[in-house]
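The listed protein sequences correspond, in order, to chains A and B. The first sequence begins at 3 in my numbering and counts up one residue at a time. The second sequence begins at 3 in my numbering and counts up one residue at a time.
Check the hints yourself; a few may be wrong.
Which copy is meant is left open, because identical chains are indistinguishable; a pair holds if it fits in one copy or across any two.
Result set (DSSO-like, lysine-lysine): computed pairs, CA atoms no more than 27 Å apart in a straight line [claimed, not checked]:
1. Lys-278 <-> Lys-439
2. Lys-403 <-> Lys-382
3. Lys-11 <-> Lys-187
4. Lys-403 <-> Lys-41
5. Lys-439 <-> Lys-382
Everything labelled a hint here was simulated from the structure, so no lab data went into it. A quick note: this is a predicted structure, and the numbers were derived from the prediction, not measured.
Number of protein chains: 2
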Amino acid sequence: MTAQLSVQKLAETRRATLDQALDAIRTRAYFSPHPEHPKAYGESAPADGLAAFQALRGTRFELDQPGSDGWTGAETSPYGPALGVEYPHADLDALLPAMRAAMPDWRRAGAETRALVCLEILARISARTHEFAHAVMHTSGQAFVMALQAGGANAQDRGLEAVAYAYDEQTRTPARAGWSKPQGKREPLEMDKTFTPVPRGIALLVGCNTFPTWNGYPGLFASLATGNPVLVKPHPRAVLPLALTVRVAREVLAETGFDPNLVALAVERPGEGIAKDLAVRPEIRIIDYTGSTAFGDWLEANARQAQVYTEKAGVNTIVVDSTADYRGMLGNLAFSLSLYSGQMCTTPQNLLIPRDGIDTDAGHKSYDEVVGDLAGAVDKLLGDDARASALLGALVNPDVKARLEAAAELGEVALASREVINPEYPDAVVRTPLIVKADGARSGRDGAGEVPYLAECFGPVSFAVAVDSTRDALDLLRRTVREKGAMTVGAYTTSADVESAVEEVCFEESAQLSLNLTGGVFVNQTAAFSDFHGSGGNPAANAALCDAAFVANRFRTVEVRRPA
Amino acid sequence: MTAQLSVQKLAETRRATLDQALDAIRTRAYFSPHPEHPKAYGESAPADGLAAFQALRGTRFELDQPGSDGWTGAETSPYGPALGVEYPHADLDALLPAMRAAMPDWRRAGAETRALVCLEILARISARTHEFAHAVMHTSGQAFVMALQAGGANAQDRGLEAVAYAYDEQTRTPARAGWSKPQGKREPLEMDKTFTPVPRGIALLVGCNTFPTWNGYPGLFASLATGNPVLVKPHPRAVLPLALTVRVAREVLAETGFDPNLVALAVERPGEGIAKDLAVRPEIRIIDYTGSTAFGDWLEANARQAQVYTEKAGVNTIVVDSTADYRGMLGNLAFSLSLYSGQMCTTPQNLLIPRDGIDTDAGHKSYDEVVGDLAGAVDKLLGDDARASALLGALVNPDVKARLEAAAELGEVALASREVINPEYPDAVVRTPLIVKADGARSGRDGAGEVPYLAECFGPVSFAVAVDSTRDALDLLRRTVREKGAMTVGAYTTSADVESAVEEVCFEESAQLSLNLTGGVFVNQTAAFSDFHGSGGNPAANAALCDAAFVANRFRTVEVRRPA
């Protein structure tokens, strides 16, 4: 194939960004080439993005993949309307061989070219951030600004971070080396060696409903940048953002002279459930998955032919010991509980508060006061329906609503969930967070079965757990992380000793810790290039976004040695 | 604990070697601080080493581990004599908690101190290389010089390489970082972040019979250097080299102020088979294993709570297409087949030779001539019993002898195995390599069952497989690597096209390739810091020695962030 877009041109336009990304993952300083502000994309971008999204609705989404045998798709926006988009349904016995056939040229291209092509894909996605934001919003239920930031800019950051790690890892071993071993008085042994990164095989990305791009891009770009074709299997309710991604990737691959089948889409028919069959096919050598613990565990146990990277459920905890900024703590926690209706894998679920209360800059506050003041802070934050909608988004699916309603029966309600009417989308199901009181002393295994707050209750539900002491809070934190996993842990304390003790639990149980957040950084947000998302060391996830372990086993290095 | 040996002192003596090792894994140039020549260890070293080894025989090997509940051990040298060494038998319910208790201090020591302590352990082992050589010789059956090189110097190299990778990986993320995110006209968000490598838990090393130190040190030192305690479970026939290793490690840990229980030994009673129970205990979070495919597969399927690194069986192939140095090729292959009686995971098993013969610098040679000349080269190499013994060592156990005898019935014998009398150890079972002719055209799955050469026949057995063409050889090579795995692939050719074609198969099937070896480098030898041992990408092994993937998942990085 002749490339319309040469590697040289790509290097001119993209290499500097790659170098900045490589620098950022080493320094962990702030970096992002993808703006979070909607206005940063040009004056016409909002209208253009909306128009592009609207133009997709009610159409067939052409991809020109080999082996398409029909059309499928039934997405309905959590904001109400059916999207009406149909996607090609793949005959995997035709598609997978086409993907495999694309591998040798992509391997031969080498790590730098692969990275540059990936950066070009990300740059084109970035240019269409507004369109993607609408697609994310109307599949995940995220509010528009969040969809633009988390589903657009931040997802692109995480994709770029994965490309940087993949490039860095593949180039740590030189492409070629001379080797000369002294032999005393005899001539040295001289060998010429080459080292070639080789892909494992086809990578399968199993997308999720809530963050199709943010949780999908790291695996997609890590696999592609290391030479593997990627088959994208979106969540049936969140196809469009990943279908758009696949389309852009295929365009860029074709323009740069590569086989577009290096990235392909597999949308399932209703009830078809293709992930289980796909996951154990011999062609599939890498799997990235975000979703339920049950299916994540199934993948880890059964997809033995593949490297499996999973992000599953966890129970996130905040230890409240004391604070020098009571108001800041309440505001920060209220925001964290409310953002996207608590439908983030990083949202705090259990707030561990000493039964005897806490010391604060506003005086000693009893357990009931802390819980009441937090409820008040949430109420204040979400008092206006329009503002509340912009923060809460919509419940992503009816399961979340059912879970929320059932949770109100689990204990004394400290803050009832209320219905919010989104002025723009009156059909959206919007609910404010529920806070339920719970008793930490009952967390032991006393034969009474497990307490409800030790199971993940995904959605706008949190538990204000009364504990006998901060020490008991740390014991409960440790047990929760060890047994249930956690993507995030937070703590508020003015005591250096407590701070060290919380750190120690997090070191021992491998959990990511945020301390004393009272301003504009929230426990449920992590920034690519600087923050690790998950640790890969507790049951919530077997990998972290993004580190060397996330990329190093997606390729292997083949050495060829010959006498020099 | 007060350290007799300070970290500062360790840095003075060991940091330079660490830096050289770090440089070597990046350049892949020749490097070794561990001499291969027996005389390099000082004039008295041979006698001292032998005396130290002899002093161990017929004694109880004290280790002062907690929870020892008896004594066990029944090693018999493949050279004849019983060693008579007894080792403490561990009560794991006492030992494992003691090992876990040692973790926090070791984690807090940090990556550099851990690396320096590991280097001190290796340096002390290096100083006792002659003693270790006798221990390796009399458990593995390796000849003395090989035991000193492969079991001593080269094993120490592989251990150091693992330490270098582990240190490099843990320090790629800075210990601390500032983060400042611009907020337009508002003040930037400022965070202070720390990144701490944390261990996974107790690592289990399941040792092998043939290369207890060479195959054991990479996992042992990779786990220890990343903060994990290591429980060493040696092969019951090859305990002594690893028991000595554990003793040295415990001494150095104690002297440097750490808990010696960071490294411990678990020797099983006859028939006890503790590996299966140990492997699935929740405390065990990492497993390194070298041995049979059956148990390796079992570990991968069942030890789900652990990161499992396995080196299993494979079928190594040499493609013989043509050569510009016929005599060199024959000599090199003869040596490769003979070294340690073919009891290396890297020894070639199948020699694929065109039925119509090959072009060489000595004229065209028919298949029969090539096979006959190779048989002649082996005969010549091993004509003298003393010299043969120094190359062949002894058969490691009766299974190898039985397999060798059965293999003579598998086809026309091109070179019969003969019995060699080791003049020093007349009880040693020593046999020269067997070469059996086979027909590559019968390798297809024609319902007649699998041909014998497609199963690993561990020991001094190889097959001269007649193929219709080099193209057919490449097909058979591909199928062998894909289905059976391979630690090594070799090829002889004067054709650039054939060379490319073999490389392509190795790239696609992830196999390490040696081309046209006719001198003093052999396909079955890999050099630490430069050569990868295995690829981790075909069924012979799920990891390579040593790369980032081998170390990156033995620890996790915990981030703690707080407002700046």
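Here is how each hint holds up against the structure:
1. Lys-278 <-> Lys-439: neither (39 Å within a copy, 45 Å between copies)
2. Lys-403 <-> Lys-382: within (22 Å within a copy, 82 Å between copies)
3. Lys-11 <-> Lys-187: The answer is neither: 52 Å in one copy and 36 Å across copies each exceed 27 Å.
4. Lys-403 <-> Lys-41: neither (34 Å within a copy, 77 Å between copies)
5. Lys-439 <-> Lys-382: Classified as within; 20 Å inside a copy, 85 Å across copies.
In this structure, the hints that do not hold are numbers 1, 3, 4, in rising order.
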